[in-house]
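*Asks:* Use these hints to put chain B onto chain A, whose structure you have.
2 protein chains.
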Amino acid sequence: AERELIAAVSGGGEGDANGGAGMSREAFRQAVVNTLERRLFYIPSFKIYRGVAGLYDYGPPGCAVKSNVLAFWRQHFVLEEDMLEVDCPSVTPEIVLKASGHVDKFTDLMVKDEKTGTCYRADHLLKDFCKEKLEKDLSLPVEKVTELRHILAVLDDLSSEELGAKIKEYGITAPDTKNLLSDPYPFNLMFQTSIGPSGLSPGYMRPETAQGIFVNFKDLYYYNGNKLPFAAAQIGQAFRNEISPRQGLLRVREFTLAEIEHFVDSEDKSHPKFGVVSNLEFLMFPREKQTSGEKATKLRLGEAVDKGIVNNQTLGYFIGRVYLFLTHLGIDKDRLRFRQHLANEMAHYACDCWDAEIESSYGWIECVGIADRSAYDLHAHTEKSGVSLVAHEKFPEPREVEKLVIAPVKKEIGLTFKGNQKKVVEALEAMSENEAIEMKSALESKGEVEFQVCTLGQNVTIKSNMLSISKEKKKEHQRVFTPSVIEPSFGIGRIIYCLFEHSFYMRPSKAGDEQLNVFSFPPLVAPIKCTVFPLVQNQQYEEVAQQISKALKTSGISHKIDITGTSIGKRYARTDELGVPFAVTVDSTTSVTIRERDSKDQIRVSVEEVASVVKEVTDGQSTWADVQWRYPAHSSFSADE
Amino acid sequence: AERELIAAVSGGGEGDANGGAGMSREAFRQAVVNTLERRLFYIPSFKIYRGVAGLYDYGPPGCAVKSNVLAFWRQHFVLEEDMLEVDCPSVTPEIVLKASGHVDKFTDLMVKDEKTGTCYRADHLLKDFCKEKLEKDLSLPVEKVTELRHILAVLDDLSSEELGAKIKEYGITAPDTKNLLSDPYPFNLMFQTSIGPSGLSPGYMRPETAQGIFVNFKDLYYYNGNKLPFAAAQIGQAFRNEISPRQGLLRVREFTLAEIEHFVDSEDKSHPKFGVVSNLEFLMFPREKQTSGEKATKLRLGEAVDKGIVNNQTLGYFIGRVYLFLTHLGIDKDRLRFRQHLANEMAHYACDCWDAEIESSYGWIECVGIADRSAYDLHAHTEKSGVSLVAHEKFPEPREVEKLVIAPVKKEIGLTFKGNQKKVVEALEAMSENEAIEMKSALESKGEVEFQVCTLGQNVTIKSNMLSISKEKKKEHQRVFTPSVIEPSFGIGRIIYCLFEHSFYMRPSKAGDEQLNVFSFPPLVAPIKCTVFPLVQNQQYEEVAQQISKALKTSGISHKIDITGTSIGKRYARTDELGVPFAVTVDSTTSVTIRERDSKDQIRVSVEEVASVVKEVTDGQSTWADVQWRYPAHSSFSADE
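Chains as they are written, first to last, in my numbering: chain A, 85 to 725; chain B, 85 to 725.
Extracted from the complex, chain A is given alone in its bound form (with noise of 0.2 Å):
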């Protein structure tokens, strides 16, 4: 469920990018990566080997901003929502991923150089191909361009032999040495491995981190006094294994996931706190508008659960709290939009989908998915380990229910269908009591109906002899059923690599000969809270200085003490780049000044105030304009040279 699907359906213009700065999407998405890879955000994973494509540590500032982010998820998900959260390895066996479908379907189409053996996803060749072609054959002829641009928006539907035959017509071959590619074929994304030593138990690095819930339902459940809803939450490291990863740090081949489970009675979705999200309104983009062509639009949430464009309240809910989790973190409101899945992306089990997308140099890249799985993977494993994972509703008293009974008649069913007897069987049985009904009344009526059997692949006829359906008189004491679930799942770096886009701008220096770097991180996510600088190096003011650090550590706040003798306007411009808030400057022994980063403005407090202005100011109590209010204003010259 994690597509990348940029701008394939696009509404965001392809000009600015930045915050209104008017370069090229391309120049400054360098310019922030060159500031991110110089003050260390983020460091190419083992560098001095030369790397490896797909893999970046988090450096110190990267890494603290991470922290950040993972810890307000906590408190806005886990705490306020009062999830159950847990923690489960990524190795894992097979047969839990044979289970959730991953060792067979999570797979990208693969081609390889027939001469060098070099791979390539086969999607993007075509892709490059029909965009490179659009972009600089200008005597296309019209038909040709139309059929360039309906491939590029049916790419990701395109089957494995589609693709193949598209790329031979094309004549499309190896980019670096124009030989002739293979077949596309499926490459498994997960890394593989063994568990222990005898080689016999196949395992691999999870490529997501939602199993270990599903696994653990029953567990929890209980641990929840046998309760629905109730959500389970993980936050770990997911692994996919790409076959040639582009896009820098939105693709990469280790990541972390933070997954929420949402358990729910498929019967009420309604969530008791949609209230408070309710009027909310932001850009939401249903499947009607995009299959329109129009652009994503302002909604009410309210408006848009009570209209059914949002399948229900819960999943209503949770686009609410997303929305209000990513624009706190500092991501733009105007460059955050909602897209609803389409039909044909939907996995067939899923009621309903929505993703989190924000806009970037790269076009609009999905951050979070919030899907509505219906009951698909709690069955899988009931299936697969044959431990029941449903939940049960007491009635107070028993009730007397008309039960739908379906019975096949295995003898007629065999003659018809030999081989494929057991799963027309299965399908049958498995069938939802509308379908029973309905069925029920066309084999009344016409004596035969058409039947999908989704694991043939085929349609089959029913003839009125195959079986029964009967309604039956029981009394039930309780309900027992699979709950749903409802599923946000955030990529935590694409959230933290957008908020990077989002919060750099560049400003000139005081003297107007260079462009300096900021990033305006919000005080909750940024890296360091806050740098102390002595205004000139002497003994007293580092004291000083000294003492401030102490207390600012006290009350648990991140800060550096710069005390080289470099002018105070570069000191600043440093930590500018580093995003960090605040600045006390120490110009006397009796009281310093704070400079807020984005305003330059500056305030006198005291030395026995300033921890606690600063703590303040970053734990969100007050605001800049706050305690602007509450002391004097102090000005300077000098202060931004």
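Errors might be hidden in some of the hints.
As the list makes no split between identical chains, a pair holds if one copy fits it or if it spans any two.
Only pairs whose alpha carbons sit at most 35 Å apart, straight line, appear in this in silico DSBU-like list of lysine-lysine [said to hold, decoys possible]:
1. Lys530 / Lys487
2. Lys555 / Lys220
3. Lys478 / Lys637
4. Lys262 / Lys252
5. Lys220 / Lys495
6. Lys417 / Lys644
7. Lys644 / Lys478
8. Lys558 / Lys215
9. Lys311 / Lys699
10. Lys189 / Lys131
11. Lys524 / Lys507
Bear in mind the hints are in silico, worked out from the structure with no lab data behind them.
*Replies:* Frame of chain A, contents of chain B only:
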């Protein structure tokens, strides 16, 4: 550096590891583990699929304890010491682990059941055999007893051949089938995988997090303003494909490590803050005491460093900080000792190494290793990558230095050593200044000298015509050197498990008819800080409980409301078993009681104040005694039924 050394060097009695409840170690452990699993501190991973040996999930309370321990680790080490925290991937290309030595040497010796192929650790089988023999065969002659005891003592040092010979000699067979066993052979404990689709780039799941820091040394040194000393830190998953995991939660295949690499000039290992810890006194177990059969004794850390028992101040400083960390978490200081590695336990390059060992029902368990690894790791990566990982000390003025120049005469060496020429030359060139001076004088007096070439694993005879050692005068502007690294490495899961054992106790219920379990976690690590109980089920009390819950949430205090109609005594017992330190009982609409878990004392506090009081005592600003003094005691007959 994570060897298992349980009770090999005993010193602890076999009896009471349980705080004096008089149970056997095994019964005590069973009581702890039962409680941990029943209350979902741990869950065997993939339980519905019958699990995988050596993989465990942290369930909700376990996960919360882990978060709390890691948050405190960050506070106590990273923030307090201004460390540079990084976050590197687990997937690691082969070359990095070739350089570190893990590909070649991170192995255990394994034997296979010759018929079934089942694998066992060779040393485990021999250990089990010796132990059982010593325990059960009372007719064993004295010399045999001595022999078996000797084997147990040197077990970790036995070579593959020696192990194999003993297994043959004693007729040890496969435990389950009694089949013959293969000869022992090394099994690499890393989980292997393949990076990318080609199958040509082998990779491993990292066995420790340290390598990610070493390969980044150059960037981190630059980030730190090209200044030493500095420390980098990393928290993350590490992996170890155990042959046959035993010892439950202590010996697992995936675990969280928290590692610090403190880089320091090898010529100055003093520490400016050593004075802060030098007066700490705790159990230390120096090498000499172990070999002479004595016990660990209390030593003042300052004295241990002054007397050279601990190699240097920086190593000593970290030992002190680790002591503070562990005891702050709730580890019993009387069941914590720092044991120095014996000479044969230490890597050849290490200067000194101390393990923080915690006594548990399994014996003394290594939970933190604190090693002075000299310049080994940076040297190894410099050599393999060709990127020089060094530090510079710029001199204020250029210095005239006498430099020792070692010039091997390759022709002579080649004639004598033929194919080994290169290794001999390299070893000669790698001599330290002192070694070279010694060799020079030996050659001058004796004409030849024995010289150990590690890479050949033998001594060779060097004659005076094979090299010249001379002093030259040079002007130097800086000193270039490879820093030493001091590495405290924390096995977080082991610390948490030992913490569970040290926190667990049982006390009789009020009626005296059953034993109730309690975890006496300090508020810092308690998974939930506080519970809120309406005394009886009524709307007014529930509203007050909700109001208190809201205030606790705002203060960021994790808590649970329990509005079930269960007796208040049962609800207390339930939360005692989760280690919740405070319980708020709503028995009026104006004031409530707060009950402390271990004393069961209660105070009465107004509804408005309750959240801030709980915050005070959980944040550690006040102790329970402080608030007990400020608020009236509440006594109730019915409270602890």
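*Asks:* Indicate, hint by hint, whether the structure satisfies it.
*Replies:* Now for the hints, and whether the structure bears them out:
1. Lys530 / Lys487: within (24 Å within a copy, 103 Å between copies)
2. Lys555 / Lys220: neither (66 Å within a copy, 69 Å between copies)
3. Lys478 / Lys637: between (53 Å within a copy, 32 Å between copies)
4. Lys262 / Lys252: within (13 Å within a copy, 61 Å between copies)
5. Lys220 / Lys495: Intra 64 Å, inter 65 Å, cutoff 35 Å: neither.
6. Lys417 / Lys644: So Lys417 and Lys644 pass the 35 Å test inside a copy (31 Å) and across (34 Å) alike.
7. Lys644 / Lys478: This pair counts as between: shortest inter-copy Cα distance 24 Å, intra-copy 59 Å.
8. Lys558 / Lys215: neither (62 Å within a copy, 63 Å between copies)
9. Lys311 / Lys699: between (40 Å within a copy, 29 Å between copies)
10. Lys189 / Lys131: both (33 Å within a copy, 24 Å between copies)
11. Lys524 / Lys507: within (20 Å within a copy, 86 Å between copies)
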